[in-house]
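Visitor: Full structure from sequences and hints, please.
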Amino acid sequence: MIQDKDKKREIIVKRVAQELKDGDLVNLGIGMPTLVANYIPEGIDIMLQSENGFIGLGPTPKPGEEDKDCVNAGGQPASHVLGSAYFDSAMSFTIIRGGHLDMTVLGALQVDQHGNLANWMIPGKLVPGMGGAMDLVAGAKKVVIAMEHTAKGEHKILKKCTLPLTAEGEVDLIVTDMAVIEVTPKGLVLTELAPETTVEEVIAATEAELIVSENLKVMNV
Amino acid sequence: MKNKIKTIEEAVEYIKDGMVVAVGGFMGTGSPERLIDAVVAKGIKDLTLICNDTASPGKGVGKWITNRVIKKAIVSHVGTNPETGKQINAGELEADLVPQGTLAERVRAAGAGLGGILTHTGIGTVVEEGKQKITVDGKEYLLELPLKADVALLFGSIVDKKGNVYYKKATRNFNPIMATAADLVIVEAEKLVEVGELDATDVMTPSIFVDIIAQ
Chain Z
5 MIQDKDKKRE IIVKRVAQEL KDGDLVNLGI GMPTLVANYI PEGIDIMLQS
55 ENGFIGLGPT PKPGEEDKDC VNAGGQPASH VLGSAYFDSA MSFTIIRGGH
105 LDMTVLGALQ VDQHGNLANW MIPGKLVPGM GGAMDLVAGA KKVVIAMEHT
155 AKGEHKILKK CTLPLTAEGE VDLIVTDMAV IEVTPKGLVL TELAPETTVE
205 EVIAATEAEL IVSENLKVMN V
Chain S
328 MKNKIKTIEE AVEYIKDGMV VAVGGFMGTG SPERLIDAVV AKGIKDLTLI
378 CNDTASPGKG VGKWITNRVI KKAIVSHVGT NPETGKQINA GELEADLVPQ
428 GTLAERVRAA GAGLGGILTH TGIGTVVEEG KQKITVDGKE YLLELPLKAD
478 VALLFGSIVD KKGNVYYKKA TRNFNPIMAT AADLVIVEAE KLVEVGELDA
528 TDVMTPSIFV DIIAQ
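So the sequence lines, in the order shown, correspond to chains Z and S.
Per this note's numbering, the first sequence starts with residue 5, numbered consecutively.
Per this note's numbering, the second sequence starts with residue 328, numbered consecutively.
In short, the hints are calculated from the structure, not lab data.
These numbers were taken from a predicted model, which means no experiment stands behind them.
One or more of the hints may lead you astray.
Listed next, the in silico SDA-like pairs over lysine to any residue satisfying Cα-Cα at most 20 Å (straight line) [as the list claims (entries may be wrong)]:
1. Z:Lys221 <-> Z:Glu14
2. Z:Lys145 <-> S:Tyr468
3. Z:Lys129 <-> S:Val453
4. S:Lys333 <-> S:Val520
Beyond 12 Å from chain Z on every Cβ pair, some chain S residues (computed) [claimed, not checked]:
5. Met328
6. Lys329
7. Lys331
8. Ile342
9. Lys343
10. Asp344
11. Gly440
12. Gly457
13. Leu472
14. Lys475
15. Lys489
Don't be surprised by glycine CBs; every beta carbon is placed ideally from N, CA and C.
Guide: Given below as structure tokens:
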């Protein structure tokens with residue numbers, strides 16, 4: 005089991021990046037998912053969507069080179085790459101909800117063995133609002149969850165989510181610092197282990213029932 | 328040609344206490360800052376806000392939160408403005424949180440004369456509470472109703488004197504949608520040009536939607 009926090013994140017985002025296919029349109033959630041852009045495999049050309057209104061999200065501009073009219077979905081200064089397109093919010097969510105977005109990568113508070121996701125609110129705390137998260141999870145062709153396997157020892161991969169849901173049965177793949185888990189009609193299938201990690205450790209860190217794949221591999225990260 | 332050009336102060340004279348006001352912008356980008364400031368200065372109260380978010384303190388409609396201009400916010404996100412959360416928890420501000428795509432489509436529906444839209448977003452979540460569900464081809468959808476405003480406050484990067492609007496880059500967001508869904512549409516012009524200077528092909532909001540150009 006890997007202990008170093010930075011190493012954990014690196015493994016997660018590197019492994020998620022391997023899910024990208026040439027020509028994909030992808031939306032990366034705020035936080036750790038945005039780091040996936042740093043590990044796009046050689047020869048893979050993708051477009052990133054920024055749900056505030058463009059495809060072709062580029063790197064964060066250098067200080068002094070910001071453009072007040074170009075921000076990302078977190079409202080932070082952004083840039084666009086060659087071949088980008090700007091549009092309004094209705095078009096942006098036509099892309100998201102109409103099945104034109106190949107993949108979205110989001111963090112999670114909880115995910116369960118039915119593919120349910122909870123990542124937008126904790127009752128009793130300040131409610132930030134769902135923003136575009138519910139639309140992204142309901143609309144994207146493939147929903148990938150990138151998160152640490154547990155939160156301070158608490159299980160996050162559950163039999164049933166206890167927090168309010170973001171969407172029902174929409175999660176396709178869970179990538180953590182310990183494992184890659186596919187959501188299938190039969191349940192959660194453990195397909196890959198992180199380096200230095202055992203099946204027993206993953207099972208102990210997971211409340212949900214896991215089916216261990218016959219082709220279980222070690223992540224190539 | 329009808330003269331639609333007014334000062335910022337003249338433009339906000341049309342906004343009255345208790346109105347429903349739609350404001351363009353995403354975290355403040357593409358928001359009409361001068362109109363927002365003028366509403367605060369005039370001391371307008373009890374507005375219902377339709378906007379993507381409540382921006383941050385000191386930016387965009389975040390200034391309306393700080394100055395307690397609104398009593399209800401219909402938005403997708405408030406997390407970037409801690410003051411909004413405080414007022415909601417204290418029971419001083421009512422918030423109706425709407426998924427961002429649903430918000431865009433509800434406003435669009437009002438502008439397009441539609442009786443609502445059907446969306447899968449929100450199924451199985453708190454968003455579905457109290458809403459009619461309709462099954463089409465075996466898939467479940469929520470009926471989401473149109474959302475219309477008394478006044479829309481928009482920000483145009485280039486506006487011609489007839490009221491045609493062009494939005495630069497990511498400033499477009501909700502602006503052109505809200506332009507269609509209010510009884511009175513006021514556009515704050517970043518740059519005002521003569522008719523003809525903005526190529527007809529580049530117009531993103533046709534002039535017929537715009538009632539007042541605020542300068």
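Visitor: Determine for every hint whether it applies to the structure shown.
Guide: Status of the hints after comparison with the structure:
1. Z:Lys221 <-> Z:Glu14: holds (19 Å)
2. Z:Lys145 <-> S:Tyr468: holds (17 Å)
3. Z:Lys129 <-> S:Val453: holds (16 Å)
4. S:Lys333 <-> S:Val520: holds (14 Å)
5. Met328: With a cut-off of 12 Å, S:Met328 remains clear of chain Z, as the shortest Cβ separation is near 27 Å.
6. Lys329: holds (26 Å)
7. Lys331: holds (22 Å)
8. Ile342: holds (23 Å)
9. Lys343: holds (27 Å)
10. Asp344: Non-interface label stands for S:Asp344: nearest chain Z Cβ at 26 Å, farther than 12 Å.
11. Gly440: holds (15 Å)
12. Gly457: The claim stands: S:Gly457 keeps its Cβ more than 12 Å from every Cβ of chain Z (closest is about 15 Å).
13. Leu472: Given a closest Cβ separation of 16 Å, the condition holds.
14. Lys475: holds (15 Å)
15. Lys489: holds (21 Å)
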